[in-house]
Amino acid sequence: MSVGPLSIPDHLKIGLLSLPVLVTACGGQPRGGLIEVDGSSTVFPITEAVAEEFQKVNPAVRVTVGISGTGGGFKRFCAGEIDISDASRPIQDSEIEACRAAGVEFIELKVAFDGLSVMVNPGNDFVGCLSMGQLKAIWEPGSTVRLWSDIEPSWPAEEIHLYGPGTDSGTFDYFTAEIVGEEDASRADYTASEDDNVLAQGIAGDAQALGYFGFAYYEQNSSRLQLVAIDGGRGCMLPSRETILNGSYMPLSRPLYIYVKVASLARPEVAEFVRFYVQNATTLVPQVGYVELPQAEYDAGLRALEEALR
Amino acid sequence: MNTPRRRLRQNIARLFYWIFLAATLVGVLTLTVLLIDIWRDGSPWLDLDFMNSFPSRFPEEAGVKSALFGTIWLLALTALISFPIGVGAAIYLEEYAPRNWVTGLIQTNIANLAGVPSVVYGILGLALFVRALALGRSVLAGALTMTLLILPVIIIASREAIRAVPPSIRDGAYALGATRWQTVREQVLPAALPGIMTGTILALSRAIGESAPLIMISALSYIAFLPGGILDQFTVLPIQIFNWASRPQPEFRGLAAAAIIVLLVVLLSMNAVAIYLRNRYRVQW
Numbered sequence: 001m002s003v004g005p006l007s008i009p010d011h012l013k014i015g016l017l018s019l020p021v022l023v024t025a026c027g028g029q030p031r032g033g034l035i036e037v038d039g040s041s042t043v044f045p046i047t048e049a050v051a052e053e054f055q056k057v058n059p060a061v062r063v064t065v066g067i068s069g070t071g072g073g074f075k076r077f078c079a080g081e082i083d084i085s086d087a088s089r090p091i092q093d094s095e096i097e098a099c100r101a102a103g104v105e106f107i108e109l110k111v112a113f114d115g116l117s118v119m120v121n122p123g124n125d126f127v128g129c130l131s132m133g134q135l136k137a138i139w140e141p142g143s144t145v146r147l148w149s150d151i152e153p154s155w156p157a158e159e160i161h162l163y164g165p166g167t168d169s170g171t172f173d174y175f176t177a178e179i180v181g182e183e184d185a186s187r188a189d190y191t192a193s194e195d196d197n198v199l200a201q202g203i204a205g206d207a208q209a210l211g212y213f214g215f216a217y218y219e220q221n222s223s224r225l226q227l228v229a230i231d232g233g234r235g236c237m238l239p240s241r242e243t244i245l246n247g248s249y250m251p252l253s254r255p256l257y258i259y260v261k262v263a264s265l266a267r268p269e270v271a272e273f274v275r276f277y278v279q280n281a282t283t284l285v286p287q288v289g290y291v292e293l294p295q296a297e298y299d300a301g302l303r304a305l306e307e308a309l310r
Numbered sequence: 311m312n313t314p315r316r317r318l319r320q321n322i323a324r325l326f327y328w329i330f331l332a333a334t335l336v337g338v339l340t341l342t343v344l345l346i347d348i349w350r351d352g353s354p355w356l357d358l359d360f361m362n363s364f365p366s367r368f369p370e371e372a373g374v375k376s377a378l379f380g381t382i383w384l385l386a387l388t389a390l391i392s393f394p395i396g397v398g399a400a401i402y403l404e405e406y407a408p409r410n411w412v413t414g415l416i417q418t419n420i421a422n423l424a425g426v427p428s429v430v431y432g433i434l435g436l437a438l439f440v441r442a443l444a445l446g447r448s449v450l451a452g453a454l455t456m457t458l459l460i461l462p463v464i465i466i467a468s469r470e471a472i473r474a475v476p477p478s479i480r481d482g483a484y485a486l487g488a489t490r491w492q493t494v495r496e497q498v499l500p501a502a503l504p505g506i507m508t509g510t511i512l513a514l515s516r517a518i519g520e521s522a523p524l525i526m527i528s529a530l531s532y533i534a535f536l537p538g539g540i541l542d543q544f545t546v547l548p549i550q551i552f553n554w555a556s557r558p559q560p561e562f563r564g565l566a567a568a569a570i571i572v573l574l575v576v577l578l579s580m581n582a583v584a585i586y587l588r589n590r591y592r593v594q595w
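These protein sequences, in sequence, are chains A and B.
Residue numbers for the first sequence follow my numbering, beginning at 1 and rising by one.
Residue numbers for the second sequence follow my numbering, beginning at 311 and rising by one.
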């Protein structure tokens with residue numbers, strides 16, 4: 001910034017009349033440039049952490065990160081408005097089409113794993129494990145499951161109260177695709193919130209609750225929630241850093257991505273930022289509550305990046 | 311005469327006293343509980359570092375600097391744009407416009423615009439300022455959007471202030487040979503200014519609490535630099551609060567509460583200025 005660091009009182013003193021002066025003062029951008037990132041709010045904490053560290057090393061470069069959601073991010077990305085798109089699912093065919101139509105070439109980089117956890121109230125002593133089939137029966141559209149005993153006859157004939165993310169969330173997209181078998185197909189009579197903290201609160205305070213959301217939010221609320229193990233065909237498995245990382249918590253662990261516009265990589269600051277992202281993910285990803293990829297995957301991402309840079 | 315009928319009437323009168331008092335206390339109590347709750351969560355985080363740091367993934371290092379400056383920038387620019395337009399429109403409608411159905415239609419429309427949900431202005435701002443005029447997600451685009459949002463409020467408040475100036479003042483000026491513009495400039499505006507300022511400041515304090523229109527035009531969530539010009543990107547306090555409140559770690563909810571305190575302080579001091587102006591410069595006729 002060519003204005004230099006101004007303290008608050010100075011800024012107020014300068015007042016309204018001198019705004020045009022500030023504008024001209026900033027007319028000539030210093031070397032460094034601006035990197036614009038937008039997209040998934042799930043990936044946001046990772047990109048924020050990377051941006052924070054990157055700007056410590058490269059103070060002249062400005063990085064901005066938005067949270068328009070995975071779909072909203074791709075819309076801006078394929079319109080050519082931003083350099084990098086955060087995504088909690090792979091890019092869809094219709095979005096690839098939009099990018100192609102606008103002439104936006106991109107590379108896809110996996111940056112972390114996120115596990116979806118299924119949870120009940122800690123007072124619940126009968127649900128230890130659910131199979132994929134049982135989860136599907138609970139959550140599919142038109143589901144007839146109303147009481148716990150509808151899932152397993154030995155369970156109490158009490159009404160189940162369901163909690164889950166709202167339809168705009170990438171978590172919802174992913175869960176429905178994996179469990180129900182069709183993206184965005186879900187029963188609608190559950191308590192929905194885009195804010196996972198609200199869901200955690202709900203499940204913690206409701207003895208008959210069953211719900212799902214991201215593993216990072218479970219970790220922060222582990223004292224007042226109880227995990228349900230998932231049987232994906234190879235026995236009951238609880239989500240944990242190990243089982244998500246080694247792939248045995250199937251199928252509810254999902255990769256998180258960034259998509260980088262190839263044309264932006266021509267700018268050295270963008271290329272440097274993406275390289276920094278992949279190189280430091282192993283350290284930064286766990287700090288914000290996600291599970292890092294095996295080193296080999298980051299190495300592969302780095303190779304893909306160097307490939308695109310050539 | 312203490313007839314049963316009279317006692318009944320007196321009891322009813324007393325009953326209504328308590329009902330109205332309770333109605334008043336609902337508002338006061340809610341605000342008190344809210345303030346205590348926010349203060350308990352937020353005050354441990356509130357210090358000079360918090361005001362002077364950029365957002366961070368480490369709660370101890372995170373601060374509201376970019377959001378606070380973004381809010382101040384947005385506010386100043388919005389005031390600069392909306393004040394002349396709003397007051398100009400009010401002067402035209404009160405002092406110049408003929409009283410006919412066109413004027414009536416304009417007035418009804420302004421009153422209706424004041425009730426339009428703010429997110430609608432956000433959509434308009436996104437289409438018009440960000441995309442069509444290609445201003446991008448800049449402070450200027452945000453300020454223009456906020457101007458649309460608060461313009462009806464400023465116009466209505468300014469008109470009321472102008473209308474409160476007695477016609478005899480204008481008649482006196484005309485009798486001395488002043489033109490209409492001289493009358494407006496020398497007599498009407500100075501007399502109406504405290505009312506206009508109060509209305510404008512209250513409208514601006516509505517604007518600083520708004521996040522919906524700014525989320526539409528996508529003011530950003532993470533930004534670790536201050537806007538240096540009107541075409542720079544920015545973020546504001548409500549968006550920073552929203553962002554922190556939705557993070558998994560409980561520490562960020564403390565940060566959100568601390569940012570709410572900062573926002574409340576800005577809001578309350580603006581309202582205090584409005585009240586001061588009203589009391590200090592109020593003219594009695």
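The set of hints was computed from the structure by calculation and includes no laboratory data.
Watch out, some of these pointers could steer you wrong.
The list that follows gives simulated cross-link-like pairs (lysine to any residue, SDA-like), each with its CA atoms no further than 20 Å apart [stated by the list, open to error]:
{"#": "1", "chain 1": "A", "residue 1": "Lys56", "chain 2": "B", "residue 2": "Lys375"}
{"#": "2", "chain 1": "A", "residue 1": "Lys75", "chain 2": "B", "residue 2": "Gly446"}
{"#": "3", "chain 1": "A", "residue 1": "Lys56", "chain 2": "B", "residue 2": "Leu536"}
{"#": "4", "chain 1": "A", "residue 1": "Lys56", "chain 2": "B", "residue 2": "Leu436"}
{"#": "5", "chain 1": "B", "residue 1": "Lys375", "chain 2": "A", "residue 2": "Pro59"}
{"#": "6", "chain 1": "A", "residue 1": "Lys56", "chain 2": "B", "residue 2": "Pro500"}
{"#": "7", "chain 1": "A", "residue 1": "Lys75", "chain 2": "B", "residue 2": "Ala437"}
{"#": "8", "chain 1": "B", "residue 1": "Lys375", "chain 2": "B", "residue 2": "Phe552"}
{"#": "9", "chain 1": "A", "residue 1": "Lys110", "chain 2": "A", "residue 2": "Arg89"}
{"#": "10", "chain 1": "A", "residue 1": "Lys56", "chain 2": "B", "residue 2": "Ala442"}
{"#": "11", "chain 1": "A", "residue 1": "Lys75", "chain 2": "B", "residue 2": "Phe368"}
{"#": "12", "chain 1": "A", "residue 1": "Lys56", "chain 2": "B", "residue 2": "Glu370"}
{"#": "13", "chain 1": "A", "residue 1": "Lys75", "chain 2": "A", "residue 2": "Lys56"}
{"#": "14", "chain 1": "A", "residue 1": "Lys75", "chain 2": "B", "residue 2": "Asn362"}
{"#": "15", "chain 1": "B", "residue 1": "Lys375", "chain 2": "A", "residue 2": "Ala60"}
{"#": "16", "chain 1": "A", "residue 1": "Lys56", "chain 2": "B", "residue 2": "Phe552"}
{"#": "17", "chain 1": "A", "residue 1": "Lys56", "chain 2": "B", "residue 2": "Phe368"}
{"#": "18", "chain 1": "B", "residue 1": "Lys375", "chain 2": "A", "residue 2": "Trp155"}
{"#": "19", "chain 1": "A", "residue 1": "Lys75", "chain 2": "B", "residue 2": "Leu536"}
{"#": "20", "chain 1": "A", "residue 1": "Lys75", "chain 2": "B", "residue 2": "Leu434"}
{"#": "21", "chain 1": "A", "residue 1": "Lys136", "chain 2": "A", "residue 2": "Lys110"}
{"#": "22", "chain 1": "A", "residue 1": "Lys75", "chain 2": "A", "residue 2": "Trp155"}
{"#": "23", "chain 1": "A", "residue 1": "Lys75", "chain 2": "B", "residue 2": "Ala442"}
{"#": "24", "chain 1": "B", "residue 1": "Lys375", "chain 2": "A", "residue 2": "Lys110"}
Here are the computed distance ranges between Cβ atoms for each label pair [said to hold, decoys possible]:
{"#": "25", "chain 1": "A", "residue 1": "Val57", "chain 2": "B", "residue 2": "Leu541", "range": "19 to 29 Å"}
{"#": "26", "chain 1": "B", "residue 1": "Pro427", "chain 2": "A", "residue 2": "Thr191", "range": "22 to 32 Å"}
{"#": "27", "chain 1": "A", "residue 1": "Ala266", "chain 2": "B", "residue 2": "Pro354", "range": "43 to 53 Å"}
{"#": "28", "chain 1": "B", "residue 1": "Leu341", "chain 2": "A", "residue 2": "Asp195", "range": "22 to 32 Å"}
Computed from a prediction, not measured in an experiment: that's the story for all the values here.
Where is the CB? At the ideal position from N, CA and C, for every residue including glycine.
Each hint, compared with the structure:
no.	hint	result
1	A:Lys56 with B:Lys375	holds (16 Å)
2	A:Lys75 with B:Gly446	holds (15 Å)
3	A:Lys56 with B:Leu536	holds (15 Å)
4	A:Lys56 with B:Leu436	violated (32 Å)
5	B:Lys375 with A:Pro59	holds (16 Å)
6	A:Lys56 with B:Pro500	violated (52 Å)
7	A:Lys75 with B:Ala437	holds (15 Å)
8	B:Lys375 with B:Phe552	holds (16 Å)
9	A:Lys110 with A:Arg89	holds (10 Å)
10	A:Lys56 with B:Ala442	violated (36 Å)
11	A:Lys75 with B:Phe368	violated (30 Å)
12	A:Lys56 with B:Glu370	holds (17 Å)
13	A:Lys75 with A:Lys56	violated (30 Å)
14	A:Lys75 with B:Asn362	violated (34 Å)
15	B:Lys375 with A:Ala60	holds (18 Å)
16	A:Lys56 with B:Phe552	violated (25 Å)
17	A:Lys56 with B:Phe368	holds (14 Å)
18	B:Lys375 with A:Trp155	violated (53 Å)
19	A:Lys75 with B:Leu536	violated (27 Å)
20	A:Lys75 with B:Leu434	holds (18 Å)
21	A:Lys136 with A:Lys110	violated (28 Å)
22	A:Lys75 with A:Trp155	violated (46 Å)
23	A:Lys75 with B:Ala442	holds (17 Å)
24	B:Lys375 with A:Lys110	violated (32 Å)
25	A:Val57 with B:Leu541: 19 to 29 Å	holds (27 Å)
26	B:Pro427 with A:Thr191: 22 to 32 Å	holds (25 Å)
27	A:Ala266 with B:Pro354: 43 to 53 Å	holds (47 Å)
28	B:Leu341 with A:Asp195: 22 to 32 Å	holds (24 Å)
Violation of the numbered hints given earlier is confined to hints 4, 6, 10, 11, 13, 14, 16, 18, 19, 21, 22, 24; the remaining hints are satisfied by the structure.
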